[in-house]
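These protein sequences, in sequence, are chains A and B. Following my numbering, the residues of the first sequence are numbered contiguously, the last one being 115. Following my numbering, the residues of the second sequence are numbered contiguously, the last one being 114.
Everything labelled a hint here was simulated from the structure, so no lab data went into it. Any given hint might turn out to be false.
What the hints assert, rightly or not - Reference excerpt, derived from the structure (chain B facing chain A, CB under 8 Å, subset only):
#1 T45
#2 T93
#3 G107
Claimed, not checked - Computed Cβ-Cβ distance ranges for the label pairs, DEER-style:
#4 A:E18 <-> B:D31: 37 to 47 Å
#5 A:E18 <-> B:R17: 45 to 55 Å
#6 A:T113 <-> B:N27: 47 to 57 Å
#7 B:P82 <-> A:P54: 37 to 47 Å
#8 B:P79 <-> A:P81: 27 to 37 Å
#9 A:D63 <-> B:G16: 48 to 58 Å
#10 B:A70 <-> A:T20: 39 to 49 Å
#11 B:V78 <-> A:E18: 45 to 55 Å
#12 A:M40 <-> B:S12: 35 to 45 Å
These figures come from a predicted structure and were not determined experimentally. Note that the Cβ used here is the ideal one computed from N, Cα and C, for glycine as well.
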Amino acid sequence: DAGVIQSPRHEVTEMGQEVTLRCKPISGHNSLFWYRQTMMRGLELLIYFNNNVPIDDSGMPEDRFSAKMPNASFSTLKIQPSEPRDSAVYFCASSPTGDLADTQYFGPGTRLTVL
Amino acid sequence: DQQVKQNSPSLSVQEGRISILNCDYTNSMFDYFLWYKKYPAEGPTFLISISSIKDKNEDGRFTVFLNKSAKHLSLHIVPSQPGDSAVYFCAPTHNQGGSEKLVFGKGTKLTVNP
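Build the full structure now, drawing on both the sequences and the hints.
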């Protein structure tokens, strides 16, 4: 298996623009997680899905952020409008089960820069 | 509110010596503790874990110790190798309000010098 696939790997955009980050989880995994990593706050869980259903989105910073998982093999994290403070590395991870004690497999991340 | 603290942002050790990475937490509800390792430009990868019913778990060169009363855990790497140079994240989990949470520390950057 190719592992968790994220695209793009790097994104540079201007403030106010819409940004869409994409993730393909490992085939057969039931859970998908979106994280954000910044110097100030470290690695934060934004939202996670189990069987394509959002379970907990309490980590989503504000309404400008939205995430969808239309099917078991694809998820998007959208920021609209983007702001400079959204600049961070965004990771997607998948896990075989919905148990958070289960190993999560991370993608390589998308480095977002909002100018 | 920082529930998980890794107070040493960085650690440097010589190859062959022991590396000790520490993690303190405040939430007594945490019942499972994971360590992830991250290389530059890659996502974190799972390293080792421990349940709150244990105080030690060993996997090869890696051992995690848990002191529940002190709300402290540590990761020991012995002997340390240059390939161990990475950022290590402590990540406890617990069940909160019916949903589980995984909380990551800010990480400790380990450098193992040849």
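Structure-based check of all given hints:
1. A cut of 8 Å between beta carbons decides the hint on T45 (chain B): the least distance to chain A is about 7 Å, and the hint holds.
2. Checking T93 (chain B) against chain A by beta carbon gives a least distance of about 5 Å; that is within 8 Å, so the hint holds.
3. Taking 8 Å as the C-beta cut-off, the interface hint given for G107 (chain B) holds, the closest approach to chain A being about 6 Å.
4. Checked against the hint of 37 to 47 Å, the pair E18 (chain A) and D31 (chain B) passes, with Cβ atoms roughly 40 Å apart.
5. A hinted range of 45 to 55 Å holds for the C-beta pair E18 (chain A) and R17 (chain B), which are about 50 Å apart.
6. Checking the proposed 47 to 57 Å range against T113 (chain A) and N27 (chain B) shows it is violated: the Cβ atoms sit about 33 Å from each other.
7. The hinted window of 37 to 47 Å between P82 (chain B) and P54 (chain A) holds, with their beta carbons roughly 42 Å apart.
8. The hinted range of 27 to 37 Å is not satisfied by P79 (chain B) and P81 (chain A), whose Cβ atoms lie roughly 51 Å apart.
9. Hint check: D63 (chain A) to G16 (chain B), Cβ distance near 52 Å, so the stated range 48 to 58 Å holds.
10. Roughly 44 Å separates the CB atoms of A70 (chain B) and T20 (chain A), a value that falls within the hinted 39 to 49 Å.
11. For V78 (chain B) and E18 (chain A), the hinted distance range of 45 to 55 Å is satisfied, since their beta carbons lie about 49 Å from each other.
12. Separated by about 23 Å at the C-beta atoms, M40 (chain A) and S12 (chain B) break the suggested range of 35 to 45 Å.
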